[in-house]
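Trainee: Fit chain B to the supplied structure of chain A, relying on the hints for placement.
Respectively, the protein sequence lines represent chains A and B.
Numbering follows numbering that gives the first Met the number 0, with no gaps: position 42 of the first sequence is 41.
Numbering follows numbering that gives the first Met the number 0, with no gaps: position 3 of the second sequence is 2.
Calculated from the structure, these hints are not laboratory results.
Among the hints, erroneous ones may be present.
[Said to hold, decoys possible] Pair by pair, the computed Cβ-Cβ distance ranges are:
1. A534/B <-> M0/A: 55 to 61 angstroms
2. K223/B <-> G107/A: 55 to 61 angstroms
3. G107/A <-> T452/B: 41 to 47 angstroms
4. P103/A <-> T215/B: 51 to 57 angstroms
[Stated by the list, open to error] Pairs of lysine to aspartate or glutamate, EDC-like flavour, derived with a Cα cap of 16 angstroms:
5. K1/B <-> E32/A
6. K87/A <-> E320/B
7. K454/B <-> E172/B
8. K555/B <-> E98/A
9. K352/B <-> E489/B
10. K118/A <-> E329/B
11. K555/B <-> E527/B
[To be verified] Per the computed footprint, the stretches of chain A lying under chain B, defined by three or more beta-carbons under 8 angstroms from a beta-carbon of chain B, are:
12. 21–34
13. 60–74
14. 101–111
15. 121–127
Glycine is no exception: its CB is placed at the ideal position from the N, C-alpha and C atoms.
Residues per chain, in single letters:
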Amino acid sequence: MTTKNIMIVGVGGQGSLLASRILGAAATAGGYEVKISEVHGMSQRGGSVVTYVRYGEKVSSPVICQGEADVILSFELLEAARWLPFLKPGATLITSTQEINPMPVIIGAAQYPTELAEKMDALGVNIIAKDAAAIAEEAGNVKAANVALIGLGAHVLGFDAAVLRGAVEECVPAKAREINLRAFDLAASHQDVQ
Amino acid sequence: MKKIMLGNEAVARGLYEAGVRFVSSYPGTPSTEISEFAAKYDEIYAEWAPNEKVALESALGASFGGGRAFSAMKHVGLNVAADPLFITAYTGVGGGFVIGVADDPGMHSSQNEQDSRHYAIGAKLPMIEPADSVECKEFTKLAYALSEQFDTPFILRLTTRVSHSGGAVELEERTEKPVLEYTKDPAKRVMMPGNAKRRHPVVEQRLADLAEYAYTSPLNRVEKGSTAVGIITAGNCYNYAKEVYGDNASYLKLGLIHPLSEKLIREFAASVDSVVVIEELDGVIEGFCRSLGIQVTGKDVLPLCGEYSQELLREKLLGEEPCTVSVADEIPVRPPVLCPGCPHRGVFYTLKKMGLTVSGDIGCYTLGAVAPLSAMDTTLCMGASISALHGFNKVRGDDSKSVAVIGDSTFMHSGMTGLVNIIYNGGASTVIILDNRITGMTGHQQNPLTGLTLKNQPAPYICLEDICAGLGVAREHIRVVDPAQPAELEKVLKEELAADAASVVICRRPCALLKGVEKKPPLRVDREKCRGCKACMKIGCPCISMVAGEDGVKAKVDASMCVGCGLCEQMCPFGAFSSTIE
Chain A
0 MTTKNIMIVG
10 VGGQGSLLAS
20 RILGAAATAG
30 GYEVKISEVH
40 GMSQRGGSVV
50 TYVRYGEKVS
60 SPVICQGEAD
70 VILSFELLEA
80 ARWLPFLKPG
90 ATLITSTQEI
100 NPMPVIIGAA
110 QYPTELAEKM
120 DALGVNIIAK
130 DAAAIAEEAG
140 NVKAANVALI
150 GLGAHVLGFD
160 AAVLRGAVEE
170 CVPAKAREIN
180 LRAFDLAASH
190 QDVQ
Chain B
0 MKKIMLGNEA
10 VARGLYEAGV
20 RFVSSYPGTP
30 STEISEFAAK
40 YDEIYAEWAP
50 NEKVALESAL
60 GASFGGGRAF
70 SAMKHVGLNV
80 AADPLFITAY
90 TGVGGGFVIG
100 VADDPGMHSS
110 QNEQDSRHYA
120 IGAKLPMIEP
130 ADSVECKEFT
140 KLAYALSEQF
150 DTPFILRLTT
160 RVSHSGGAVE
170 LEERTEKPVL
180 EYTKDPAKRV
190 MMPGNAKRRH
200 PVVEQRLADL
210 AEYAYTSPLN
220 RVEKGSTAVG
230 IITAGNCYNY
240 AKEVYGDNAS
250 YLKLGLIHPL
260 SEKLIREFAA
270 SVDSVVVIEE
280 LDGVIEGFCR
290 SLGIQVTGKD
300 VLPLCGEYSQ
310 ELLREKLLGE
320 EPCTVSVADE
330 IPVRPPVLCP
340 GCPHRGVFYT
350 LKKMGLTVSG
360 DIGCYTLGAV
370 APLSAMDTTL
380 CMGASISALH
390 GFNKVRGDDS
400 KSVAVIGDST
410 FMHSGMTGLV
420 NIIYNGGAST
430 VIILDNRITG
440 MTGHQQNPLT
450 GLTLKNQPAP
460 YICLEDICAG
470 LGVAREHIRV
480 VDPAQPAELE
490 KVLKEELAAD
500 AASVVICRRP
510 CALLKGVEKK
520 PPLRVDREKC
530 RGCKACMKIG
540 CPCISMVAGE
550 DGVKAKVDAS
560 MCVGCGLCEQ
570 MCPFGAFSST
580 IE
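Isolated chain A (complex conformation) (with noise of 0.2 angstroms):
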């Protein structure tokens, strides 16, 4: 097979790592070699932050630039758009509906963009775009906004269904593992009737 690229973005603090090393797990558990970059340090406190997955036979580069993700999971809206470019022509932006103001919006000296989810829609982007919190929240926690992101992307992630939920519950510490495993659920089904 050849390389999958998969972008997990959002704003610093939202849970990206922890959605990229139960991708990784998956990865691994498929008998994948897989590279995982993250960001840590000044990004983490509250800024536009990225994590990158490489799954496949061989992989070289850690990171994924432009025009190369085949799924781009996002957990806000602004920042789905930010990241776009760095979508595959015809590839899947799934992307939480949640708005966060940034700093230049909140003092008003910039404007948080209009209709973001239609406009990508427009350009073609195959747009899932659903409220990851409020299905996190439904599962018991806001918190596994994070894992109901990867139930939402279930079925363009690469893996059996079974093998994704096996890695949620490989990475999630016990004490969330249940809330985690239902937004899992909940999302996956979400899907099942778009």
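Mentor: Positioned in the frame of chain A, the structure of chain B alone reads:
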């Protein structure tokens, strides 16, 4: 058994397997996790030192004492540790000694983009550079054997992408290395002129021996592909090159990046039609090639600034552009900000309000420079806030309109000497220590003031007020304030700025992200009371925004992020904020 490990975790695993006994480091992104992972092994003694110089010297002492030793730091940390670093080439080692230094091309979390390879050249020390997690472990282990074989410290150079990228690593057993017997050897370890003169030729000979070794070292390898292009590269740049060229090029992949083997490079260059050198930051390998008279493509087309990627190589070397889609709207930037409930916020609000010149320092609180707080005039390096304030005030003949701002860990790192300078030379400057009870920016590391060690063991209580008093600050000018009370802070600052004596104002409140710090219910805005005056927007809280409604544009608090610090409530002249609205 294989495990997915970040480069930093794999280095720590390498330390464990190599039988390392002693680790002393100071945190700094992207190097921090090496020491944190090393600390998880019971067989390794691991500690945070107050700064990188102390860390490197402690680890060198452990090596002299006969144990395998390690010290990690970020690139600018090596500047702090440069003094002992240069001398270690002369003294050599006892037990194997490796110094890990992590550069930050692209400045993900740094104040500059320096290339640590110049230190290896300057200090005449060997340097190795892994390209991924597998090599992080293998190279680390090999470095210990080589350190003992050649009687020299080795520098392990990492970059952010290698430190913070993960891949599957095969786990092996630890090989115990007993502590060597100690023999006194002043001719080798007491570096005064008479001894050092005899040691310098040893250093030069060793470097020549290492260059000889570099020709056959397994750290370097040639991969034969098409001979139309020959790529000389090291570290993560090798991965980018492979991604772009695959088998359409031959590679000289260097793992031992100092000293370089003239013979190896000449032979490789002769075996290909053209040579491209791919290296981030400075043209170090390229300069060596040119000094040999080898024609190469390098910094004439590739940038000196920023991080490389497969996309950059495709664009600069092959003229290929990516195929992309994007929305027409301008996407506002999302810079990092002080967290909700951050105790530093009230301090910077106050400093801005008072119109003070602020000599800043390195930490989360550097974000106080960002709008709307915009309350910082200078930031250079660890500790510079206090020393630079002293010179600033002396030359302007006024110490009533300016302050230094420094974190607790940074003060212990290199702020104390600056404070001594103020006292010794009769300054009357005012220093604010932001004591949030942790090393924040690098992700919550313990420090000498937190009462816990890297291994989470209790540490003796060191009292910040007593340190300042011991350094000569008068007790009445050492003030402790809660930064959640900006009015009180302003009053204290006015008093101390007016005083004709050096003063320290300790703003003490734990980091809002620390475990155990109480989170209060989120605040709400009473839209009837809010007049949309935006007084609450001056504190730059990411939870507050102005939202339009039928009754006008009014403040709103994002309840999912707010931790109830209540600073906004103190800003509001109309009492619109409260946490108790039914």
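Trainee: Does each hint fit the structure? Answer for all of them.
Mentor: Quick rundown of the hints versus the structure:
1. A534/B <-> M0/A: 55 to 61 angstroms: Once the Cβ atoms are compared, 58 angstroms apart, the range 55 to 61 angstroms for M0/A and A534/B holds.
2. K223/B <-> G107/A: 55 to 61 angstroms: holds, 60 angstroms
3. G107/A <-> T452/B: 41 to 47 angstroms: Between G107/A and T452/B, where Cβ atoms are some 46 angstroms apart, the hint holds.
4. P103/A <-> T215/B: 51 to 57 angstroms: Taking Cβ atoms as reference, P103/A and T215/B lie about 56 angstroms apart, which means the hint holds.
5. K1/B <-> E32/A: holds, 11 angstroms
6. K87/A <-> E320/B: holds, 13 angstroms
7. K454/B <-> E172/B: Outside the cut-off at roughly 22 angstroms; violated.
8. K555/B <-> E98/A: holds, 14 angstroms
9. K352/B <-> E489/B: This hinted pair holds, its Cα atoms lying about 9 angstroms apart.
10. K118/A <-> E329/B: The given pair, whose Cα atoms are some 13 angstroms apart, holds under the 16 angstroms limit.
11. K555/B <-> E527/B: With Cα atoms ~12 angstroms apart, K555/B and E527/B stay inside 16 angstroms; holds.
12. 21–34: holds (count 6)
13. 60–74: holds (count 7)
14. 101–111: With 11 residues in contact (Cβ-Cβ under 8 angstroms with chain B), the coverage given for the region 101–111 of chain A holds.
15. 121–127: holds (count 3)
In this structure, only the earlier hint numbered 7 is contradicted, and the remaining ones agree with it.
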